[in-house]
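Asker: Go ahead and model the full structure; you've got the sequences and the hints to work with.
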Amino acid sequence: MSKNPTVELKLPILKNMELIATQTAEVVSKHMNLSEEKSGEISMAIIEACINAFEHSNSKEEIFIHFIISETSLTVKVIDQGVGFDATKVAIPDIDSKINTKERKRGWGVMLIKELMDYVHFTSDSSGTTLTMVKNKGQKDE
Amino acid sequence: MSKILNTEESNGLVIISTQGYLNKDLGEEIQSVANEFIEKGTTKFLINLSQSNIVNSIGASIMIELIETLQEIDGDLSFCELAPIIEKTFNIMGLTKYCKTFKSQSEAIEALG
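Chains as they are written, first to last, in this note's numbering: chain F, 1 to 142; chain V, 1 to 113.
It is possible that part of the hints are untrue.
Mimicking BS3-like on lysine-lysine, the simulated pairs with C-alpha atoms at most 27 Å apart in a straight line are [unchecked claim]:
no., chain 1, residue 1, chain 2, residue 2
1, F, K137, V, K88
2, F, K10, F, K114
3, F, K105, V, K97
4, F, K102, V, K44
The set of hints was computed from the structure by calculation and includes no laboratory data.
Answerer: Structure, rendered in structure tokens:
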């Protein structure tokens, strides 16, 4: 069985480095003939995943991003070497409870990733977190 | 990389046009410029995002803060010329429940002016 083509990035935790990942996502999406809509959704999900890894992993180590290309889907893995977290304890944000209250306005990343991608899974322990996100190809993407 | 390209005022409506990534820095720049006009009495703002094709949730959260500020003075925040992924992100977050979006700046001026 042949191995799926994979693009691997290593990003230092520096301001706006997530844009390097979105540029790579655009090239990979184009290679896979994904629609502009899907390409934008993948880029947005990657931005949020990188920001979460940069801000919440409490790590100064680089993050790794793997783009795994298959006939039917693109899998993106965002891997940090931080302290880990429990994805089940991430509150679902609601703008109605944030507007005109003292509630923090931020905290949208996980929700956006789940809305924008077809499959999302976190594995996390005290040595780091791996976020696996999948965008399926549709009939229009052939 | 990202910046405010132009700010103009017409008939009580302030139009802020941006370029590049709507992230924390650009969000805070918009907020700062808007606050200067709010202090002078302006209550209606239109953000033209025609040259900003990418956003993150931190930049969008700062727009929520601006909406909140404007609600306190009975003001309005609107956006025009949003890239599809920015419009989708604002919809998912619910921003579009609290602000108007327009396809073009001229359409927005006609509706808001």
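Asker: None of the hints should be skipped; say for each whether it holds.
Answerer: Status of the hints after comparison with the structure:
1. F:K137 <-> V:K88: The hint holds at about 19 Å.
2. F:K10 <-> F:K114: holds (23 Å)
3. F:K105 <-> V:K97: holds (15 Å)
4. F:K102 <-> V:K44: holds (24 Å)
When each numbered hint is compared with the structure, no violation occurs for any of them.
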